[in-house]
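Protein chains: 2
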Amino acid sequence: MDAIPLLTLKRLPKYLEALYRFKRAGLKMVSATKIAVFTDVHMTQVRKDLSYTGVVGVPKVGHKIDHLITAIEDCLNWNDVSSCFLVGVGHLGKALMGFQELHKKGLRIIAAFDANPALAGTYYQGIQIHSMEKFTNLISRLHVHIGILTVPAEVAQEVADQMVANGVIAIWNFTPAKLNLPDDIIIENVDMSSSLAVLSRRVAERLHVEKG
Amino acid sequence: MDAIPLLTLKRLPKYLEALYRFKRAGLKMVSATKIAVFTDVHMTQVRKDLSYTGVVGVPKVGHKIDHLITAIEDCLNWNDVSSCFLVGVGHLGKALMGFQELHKKGLRIIAAFDANPALAGTYYQGIQIHSMEKFTNLISRLHVHIGILTVPAEVAQEVADQMVANGVIAIWNFTPAKLNLPDDIIIENVDMSSSLAVLSRRVAERLHVEKG
Numbered sequence: 005m006d007a008i009p010l011l012t013l014k015r016l017p018k019y020l021e022a023l024y025r026f027k028r029a030g031l032k033m034v035s036a037t038k039i040a041v042f043t044d045v046h047m048t049q050v051r052k053d054l055s056y057t058g059v060v061g062v063p064k065v066g067h068k069i070d071h072l073i074t075a076i077e078d079c080l081n082w083n084d085v086s087s088c089f090l091v092g093v094g095h096l097g098k099a100l101m102g103f104q105e106l107h108k109k110g111l112r113i114i115a116a117f118d119a120n121p122a123l124a125g126t127y128y129q130g131i132q133i134h135s136m137e138k139f140t141n142l143i144s145r146l147h148v149h150i151g152i153l154t155v156p157a158e159v160a161q162e163v164a165d166q167m168v169a170n171g172v173i174a175i176w177n178f179t180p181a182k183l184n185l186p187d188d189i190i191i192e193n194v195d196m197s198s199s200l201a202v203l204s205r206r207v208a209e210r211l212h213v214e215k216g
Numbered sequence: 005m006d007a008i009p010l011l012t013l014k015r016l017p018k019y020l021e022a023l024y025r026f027k028r029a030g031l032k033m034v035s036a037t038k039i040a041v042f043t044d045v046h047m048t049q050v051r052k053d054l055s056y057t058g059v060v061g062v063p064k065v066g067h068k069i070d071h072l073i074t075a076i077e078d079c080l081n082w083n084d085v086s087s088c089f090l091v092g093v094g095h096l097g098k099a100l101m102g103f104q105e106l107h108k109k110g111l112r113i114i115a116a117f118d119a120n121p122a123l124a125g126t127y128y129q130g131i132q133i134h135s136m137e138k139f140t141n142l143i144s145r146l147h148v149h150i151g152i153l154t155v156p157a158e159v160a161q162e163v164a165d166q167m168v169a170n171g172v173i174a175i176w177n178f179t180p181a182k183l184n185l186p187d188d189i190i191i192e193n194v195d196m197s198s199s200l201a202v203l204s205r206r207v208a209e210r211l212h213v214e215k216g
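Protein sequence lines, in the order shown, are assigned to chains A and B.
So our numbering is basically just the index in the first sequence, starting at one, shifted up by 4.
So our numbering is basically just the index in the second sequence, starting at one, shifted up by 4.
Please keep in mind that the hints were generated in silico from the structure rather than gathered at the bench.
Predicted model only: the values in this text are computed from it and were never measured.
Watch out, some of these pointers could steer you wrong.
Intra- or inter-copy, both count: the list cannot distinguish identical chains.
Okay, derived cross-link-like pairs now, DMTMM-like style, lysine to aspartate or glutamate, Cα gap no bigger than 20 Å in a straight line [what the hints assert, rightly or not]:
id, residue 1, residue 2
1, K14, D195
2, K68, D195
3, K182, D195
4, K64, D188
5, K52, E137
6, K14, D84
7, K138, E209
8, K138, D70
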């Protein structure tokens, strides 16, 4: 299994969204050019990215949309559901526990943990919430390799260390904390703070100009 | 108000997180070098980024942490609370409506909208939920310029068009949809799908090698 470049991986879901949309509109076939126009990526790049999925289009005809969807989903491993667990059952944690999209994208949350003892033993969206005391025992017993981190920033590092100590190889980090972990741990940050920083500043700049 | 480069804006929240952490640990002063080590950004870059905030450190002594926090927060306009509204009261929408962090980062959700008539008139986390029929009237009356988009991908474009038609200048887009909007609209995407694509594939590559 060859490593796919980071930027290709980040673009593949955009192509998928376009393909889902073409499919909903009743289309059967699609060209790389059409995907390029729709996603605002250059068509040479689209062709190159799609080549990593192994599908080959027919010249002047393009790709069967269904085939291309399956090829990209396979490439992202979204058709092969992985179990994961979540630590931090706050607002964001609950949102992810209820997020149907995760199932479609190959991720199933099989257990949740929270430091609040009042939550221990309760269920949310059918997923049992455990106390942090059970963490070590349960995670190693379940052989889960992926952890979702939705705790407050100030405890993020500590919980991430605990995850790694119990065999986790990949962390989906929703906290603004920078995690310092061994190089072989896969960390993906969903950085809402950076995104909000850009948004807030750009709005301030714009309104400042308008006020003159 | 000068435009700050995109990558600087994206790094400033990371420096802030480090500064909050130093402050919690009881420190009063910090050097750019220390921030660099903690955030894994080169110290030349840290110095350059901090220069945009207008603060000047004392040679060999560094910055007062409190001053630097305020300067970065001001720079990101996080001390000046902007009103915004949210469309799509699903799991993610609710998470954002309950997210205390948003207040600290200058964003206050003052109204929410959802296509589900059963939600119209109800409240969540103290925020009233309105039907989409009230959208045009309410948004233009409230003079809100920022919209949060947490609807399903298939209606994202339509709702974004409606936002823009009613005077919105900035959209915080949590859907995987690519929005096609006029060039002067500020769009910030929190792209969970791209992030999950990278995570899923990297885990698959790793486990494949280990099984290999």
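Now for the hints, and whether the structure bears them out:
1. Within a single copy, K14 and D195 get their C-alpha atoms as close as 14 Å, and across copies as close as 9 Å, so both meet the 20 Å cut-off.
2. In this homomeric assembly, K68 and D195 never come within 20 Å of each other (Cα to Cα): the closest approach is 35 Å inside a single copy and 26 Å across copies.
3. Taking the shortest Cα distances, K182 and D195 sit within 20 Å of each other both inside one copy (10 Å) and across copies (18 Å).
4. In this assembly of identical chains, the alpha carbons of K64 and D188 never lie at most 20 Å apart, being 43 Å within a copy and 36 Å across copies at closest.
5. Taking the shortest alpha-carbon separations for K52 and E137, neither the intra-copy value of 48 Å nor the inter-copy value of 44 Å comes in at or below 20 Å.
6. Proximity of K14 and D84 under a CA criterion of 20 Å is satisfied intra-copy only: 19 Å inside one chain copy versus 33 Å between copies.
7. Neither within a single protomer nor between protomers do K138 and E209 lie at most 20 Å apart by alpha-carbon distance, with minima of 49 Å and 30 Å respectively.
8. Taking identical chains as interchangeable, the C-alpha atoms of K138 and D70 are never at most 20 Å apart, the minima being 43 Å within one chain and 39 Å between chains.
In the structure shown, a violation is registered for the earlier hints numbered 2, 4, 5, 7 and 8, in ascending order.
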